[in-house]
Amino acid sequence: MLRLLCVRLLAMIPLLVIVSFLIYSLIALVPGGPEVALAGSNPTPERIQAIREELGLDEPFLIQYWNWLTDVLHGDLGNSFVDDQSVWSAVASGFPVTLSLVVLTLIFAAVAGLALGLAAGLRPGSWVDRLSTVTASAFMALPYFWVGMMLVLIFAIQMRALPAVGYVSFSESPLDWFSHLLLPAVSLATVPTAVVARQTRAAVTSVMQEDYIRTAKAKGLHPRRVAVKHVMKNAAVPVVTAFGVEANRLIGATVVIEQLFALPGVGKLAYFSVFSRDFPMVQGILLITAVLIMLVNLAVDLSYGYFNPKVKAS
Amino acid sequence: MTQSDSVDLRKPVTAPVGDGADLVEHVSRGRATLRRFRANKSAVVGCVLLLLIIIVTAAAPLIAPYGPAQVDISDRLSGPTPEHWLGTDTLGRDTLSRLMHGGRVSLAAAGLAVLIATVIGLPLGLIGGYFGGLVDWLLDRAADVLMSFPAIVLTIAIIAAVGPGLTTAMVSLGIVYAPRMYRVVRGSTLEVRREVYIEASTSIGTPHHMILRRRVLPNILPAALVQLSFLLASALLAEVTISLLGLGALPPTASWGSMLGQAFQEMRSQPSLAVYPGIAIAVATLCFNLVGDGLRDAFGRETRKA
Amino acid sequence: MTVTSAKKDGDTLLQIEDLHVDFLTDRGWTNVVAGVSFDVGPGEIVGLVGESGSGKSVTSLSVLRLLPDAYARTPSGRVLYQGRDLIGMPARALRDIRGNEISMIFQEPMTSLNPAFTIGDQIAEVYRRHKGGSRRAAFARAAEMLDLVGIPDAGSRVKDYPHEFSGGMRQRAMIAMALACEPKLLIADEPATALDVTVQAQIVALLSRLRDETGCGILFITHDLGLVVELADRVVVMYAGEVVETAAALDLYNAPKHPYTAGLLSAMPHLGVRGKELPTIPGRTPEPWRMPEGCRFSPRCGYTSDECVAAPPALRIVEAGRSARCCRTEQLRLVGSP
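Residue numbers (UniProt numbering), protein chains in the order written: chain A, 1 to 314; chain B, 1 to 306; chain C, 1 to 338.
Hint data in this document are derived by calculation from the structure and do not stem from the laboratory. Keep in mind that this is a model prediction, so the values were computed, not measured. Some hints could be false.
[Claimed, not checked] Straight-line C-alpha distance at most 20 angstroms; calculated PhoX-like pairs for lysine-lysine:
1) A/Lys233 / A/Lys310
2) A/Lys229 / A/Lys310
3) A/Lys310 / C/Lys159
4) C/Lys184 / A/Lys229
5) C/Lys184 / C/Lys131
6) A/Lys233 / C/Lys159
[Stated by the list, open to error] Covered stretches of chain A (in silico footprint by chain B; criterion: 3 or more residues with CB under 8 angstroms from a CB of chain B, positions within the stretch not fixed):
7) 8 to 22
8) 137 to 146
9) 255 to 269
Virtual Cβ for every residue (Gly too), placed ideally from N, Cα, C.
I would like the entire structure built from these sequences, with the hints used as guidance.
What follows is the structure, given as C-alpha cells:
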C-alpha cells in the first residue's frame with residue numbers, strides 16, 4: 001500500500017512539470033506582456049522598462065520559467081503584483097474558508113445523495129424512486145449560484161434567519177461558522193447531490209440483483225445491514241468516482257459562491273486576482289489547485305483497492 | 001424485376017468498405033434509434049421545449065416587444081404590467097425582451113464553445129483512438145494536463161491573461177472542454193477499431209482517412225452526439241457563470257448571466273429580477289440533459305446489442 | 001393433506017403444506033408452484049428432484065421467503081418449521097430463524113459470496129448475528145468451520161477474499177457459513193451443479209458426512225437423480241409445479257411409480273453401459289401459462305389414456321410410505337434403473 005502510494009506520487013511529477021509550464025505560459029498570452037497590464041493607463045516607456053527589469057522579463061522565456069520553478073520548489077510562490085503580499089500566505093489565509101466550504105458541501109451531498117440514491121435503488125419503480133429521480137433531474141438543472149441567490153432571498157432577506165454574507169472561523173464560534181456556511185454549502189451541494197444520487201441508484205440496483213445479496217438475506221441479516229454493508233461497499237466504486245469528479249468541479253464553483261456570499265476564501269482571492277491581473281497570485285492559485293485535484297484523484301484511485309479487493313490483487 | 005432486386009441486394013455485401021450496405025444498415029439503425037427516442041416521453045418534451053427556446057430567442061429581434069437596451073427612466077423597476085409582462089429593471093428595460101435577447105447571446109455563446117471543443121476534440125480523438133501508439137499517448141497526456149484544473153478556473157485564468165469579453169471567454173472555454181469531447185471520441189473509436197481493422201485487412205488498399213470517415217466516424221457519432229448535448233448544458237452554465245462574474249458578456253449586452261449579475265445587485269429592491277433568468281437557465285439546462293439522456297438510452301441499447 | 005411420511009407429527013422438522021407460489025410475468029400473475037406438500041424429518045436427507053422449470057428451486061426459496069416480493073407471492077399454503085408457520089411469520093422472527101435454525105446454500109458458489117469481504121468476515125458475520133460474542137471468537141469459529149468442511153490451512157485462509165478460492169472451495173466455504181450456527185435444517189439448492197464432476201462428488205460426500213456429524217436435516221434440490229439416490233433417504237419428484245412422486249430413495253430407484261420418474265431414471269448415464277444412446281423424455285416442461293388439461297405430464301407420457309386427460313390426477317398413497325400422482329400406476333409395469 002505504502003509502495004503503491006509512493007509510486008503514484010512519483011508518477012505525478014512529470015504531469016506537474018507540464019502543468020506548471022502551462023500555468024507559467026499564461027503570461028505569454030497577455031497582449032503586450034504583463035508589464036503593460038501592470039503599468040496602468042498611459043505608462044511612460046521608462047516605467048515599463050523598470051517593471052520589466054524588476055520582474056526579470058528581459059530574460060529568455062525558458063529561463064524565466066526555470067527561475068519561477070526553482071523558487072516554487074523552494075516554497076516561494078512569489079509576491080502579489082498588487083500589494084506585495086506573499087502568494088503563499090494569501091492562499092494560506094483563504095484556504096481554511098474554502099476547505100470548510102468544500103468539505104461541508106461534500107458532506108451534505110454525500111448524506112443527501114446516498115440517501116436518495118439508496119432509497120431509490122433498493123426499491124426501483126416505487127414512488128420513492130420516482131421522487132428521487134425527479135429531484136435529481138431538477139438539481140442537475142438548477143444553476144447553483146441561482147439557488148444561492150434564492151436561498152439568500154428567502155432565508156436572509158425575507159426571513160432574516162441566516163446571514164447572507166461573511167465568515168466566522170470555526171475556532172471562534174462553531175455555530176456561527178456553520179450558520180455562515182449553511183446557505184453557500186447548500187447551494188453548492190445541489191449538483192453533487194444529484195450526481196451522487198444517480199450513480200448510487202444505478203450501482204445499488206445492479207448490486208441488488210447479485211446472488212450474494214440473497215446469501216446475506218439468507219443469513220438472517222436486517223435489510224438495513226444488508227444495504228449498508230453488503231450493497232454499499234460493492235456499489236461504492238462508481239459513487240466514489242463521482243465524488244472525485246464533483247470535488248474537482250466544486251473547487252471551480254467556489255469562485256462564484258465565495259463572491260456571492262462574500263466569503264474570504266481562495267475562490268474570492270482568485271476572482272480578485274483575475275480582475276486585477278495579479279499574475280503571480282493567479283499562477284500560485286492554479287498550481288495549488290492542480291496539486292489538490294491530483295491528490296483527490298489519487299485518493300479516489302487508491303480507494304478502489306479497498307472497495308474491490310480484486311483490483312488490489314492485480 | 002424480382003430477380004434484379006435480389007441481385008442488387010446481394011451486391012453491397014461483398015463491396016468494399018463504406019459502400020451501400022453500410023448506408024442501408026445505418027439508415028435502418030437510425031430509424032430504430034429514432035423510434036426509441038420518440039418513445040421516451042421526457043426526451044421528446046425536452047426536445048420540443050428546446051426547439052421552442054431556440055426559435056424564440058433566435059427570433060428575438062423580430063418578436064421581442066422592446067429592444068434589449070431600450071431604456072425607459074420613467075418606468076423603472078415596475079412589476080408585471082400589460083406593457084411589461086415580466087416588469088422592468090433599474091433602467092426601465094423590459095425584462096421579457098432582455099430575456100429573449102439574452103438567451104440568444106447565452107445559447108450562441110454556449111454553441112460556440114462546444115463547436116470549438118468538437119472541432120478540436122473530435123478529430124484528435126479519432127486519430128488517437130485509431131492509430132494508438134505515441135500519438136495517442138501524447139494526446140492523452142495533454143488531456144490529462146487540461147483536466148487537472150476545474151474548467152471554470154482554467155477558463156477565467158486564460159481570461160485573466162487575454163482580457164475579458166464573451167468571445168474570448170467562449171474560445172477559452174472551447175479549448176478547456178476539448179479534452180472532454182476527445183476522451184469520449186477516443187473511447188468509442190477504440191471500441192470500433194478492432195472490428196474495422198479486420199475489415200481493413202480484407203479490403204487491402206483502402207486508405208486510413210477513408211476508413212476513418214466512412215466506417216469509424218458513423219459509429220462514434222452517437223457517443224459524440226450524447227456528449228455534445230451534455231457539453232452544451234455545461235457550456236451554458238459556464239457562460240452564465242463567467243458573465244455573472246463580469247468577465248464575459250459586458251454591459252449593456254444582455255445575456256442570462258449578466259442579467260443575473262445585475263439582478264443580484266438589486267436583490268433587496270427587486271427580487272423578481274433574479275428569478276426569471278434563473279428559471280430560463282434551469283429550463284434550458286434541463287432540456288439539454290433530457291435530450292442527452294434520451295439520446296444515450298436510444299443509442300445505448302444498440303451499442304449493447306452490437 | 002394426503003401425503004406425509006410415516007412419521008408422527010412431532011417428528012417432522014419441516015412440513016410444507018399445499019404451497020402455492022405465483023410469479024409476476026408479462027402475462028400477469030402466473031402460478032408456478034401448485035399445491036406442493038412434503039416434509040423433512042430431523043437428521044433426514046430429502047432430495048427434491050425435477051427438471052428446470054419444475055418449481056423445485058422456487059419451492060426451496062419460498063421456505064425462507066427469499067423470493068423478491070416485487071414479482072413473487074405465496075397466495076396459499078403453509079411452511080411449518082417445528083410447528084411454526086414461516087409464511088405468515090413476522091419478518092423479524094423469520095430473520096432469527098434464517099441462517100440460525102435453517103440455513104441455505106445456493107447453486108452459484110462463484111457469485112453467492114460477497115467479493116468485497118473476506119471469507120472469514122462473512123462466516124463470522126452470521127455467527128455473531130445469531131450467537132453474539134466477540135469478533136475474535138467469531139473469527140475463531142469461522143476458522144473452525146472452514147477446517148470442518150475440509151479447507152486446508154483454514155486458520156490463514158479465513159483472511160482470503162472469495163476470488164482467492166476455487167469454485168469447489170467457495171462452495172465449501174458457503175457450507176461452512178451455513179453450518180456455523182449449527183442449524184437444524186440445511187437447504188441446498190443445486191449446490192453441486194455448477195462444479196465439475198469430481199468436485200461434485202466431494203461436495204455430496206461432505207454433506208453426507210456433515211449430516212452424520214451434526215445431525216442436521218438436509219433438503220437437497222437437484223435435477224440429477226443419480227446424486228440424490230447416493231445421498232438422500234427419501235426423494236420428492238416434482239414436475240410442472242406439482243409433486244408427482246415421493247418414496248424412499250432405494251424404492252424409487254428400483255421401482256418408480258410414476259412414468260416421469262421412470263423416464264428420469266432411464267435417462268441417467270450408467271458406467272459400463274456404453275455405445276447406446278441415452279433415452280430421453282420427449283418434449284419439454286410446459287410453460288406455466290399453458291398447462292395441459294388433466295395430468296400435466298400426459299403430453300409427454302408414453303402411457304396416456306383418456307382417463308389421464310379427463311381430470312387432473314390426485315397425489316395418492318400407492319404403497320406404505322410412498323405416493324404417486326398417476327391414475328394408471330397400478331396398471332403399468334414401470335422399471336427402475338438397470
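C/Lys184 paired with A/Lys229 [C-alpha distance capped at 20 angstroms]
Judged against 20 angstroms, a Cα distance of about 27 angstroms means the pair is violated.
Holds or violated: A/Lys233 and C/Lys159, Cα atoms, limit 20 angstroms.
Satisfied, since the Cα-Cα distance of roughly 18 angstroms is no more than 20 angstroms.
Verify the proposed pairing of A/Lys229 with A/Lys310, using a straight-line Cα cut of 20 angstroms.
The given pair, whose Cα atoms are some 18 angstroms apart, holds under the 20 angstroms limit.
Assess, step by step, whether the Cα of A/Lys233 is no farther than 20 angstroms from the Cα of A/Lys310, and give holds or violated.
The given pair, whose Cα atoms are some 13 angstroms apart, holds under the 20 angstroms limit.
Apply the coverage criterion to the region 137 to 146 of chain A and chain B: a residue qualifies when its Cβ sits closer than 8 angstroms to a Cβ of the chain, and three qualifying residues are needed.
n = 8 at 8 angstroms, threshold three: holds.
Just to make sure I understand the rule, a stretch counts as covered if three or more of its residues have a C-beta closer than 8 angstroms to a C-beta of the chain. Does the region 8 to 22 of chain A meet that for chain B?
Coverage by chain B holds for the region 8 to 22 of chain A (4 residues, Cβ < 8 angstroms).
Next pair to validate is A/Lys310 with C/Lys159; report whether the Cα-Cα distance is within 20 angstroms.
holds (14 angstroms)
Do at least three Cβ atoms from the region 255 to 269 of chain A come closer than 8 angstroms to Cβ atoms of chain B?
It holds, with 4 qualifying residues against the three required.
Assess, step by step, whether the Cα of C/Lys184 is no farther than 20 angstroms from the Cα of C/Lys131, and give holds or violated.
holds (15 angstroms)
The structure fails hint 4 only (numbered hints given earlier).
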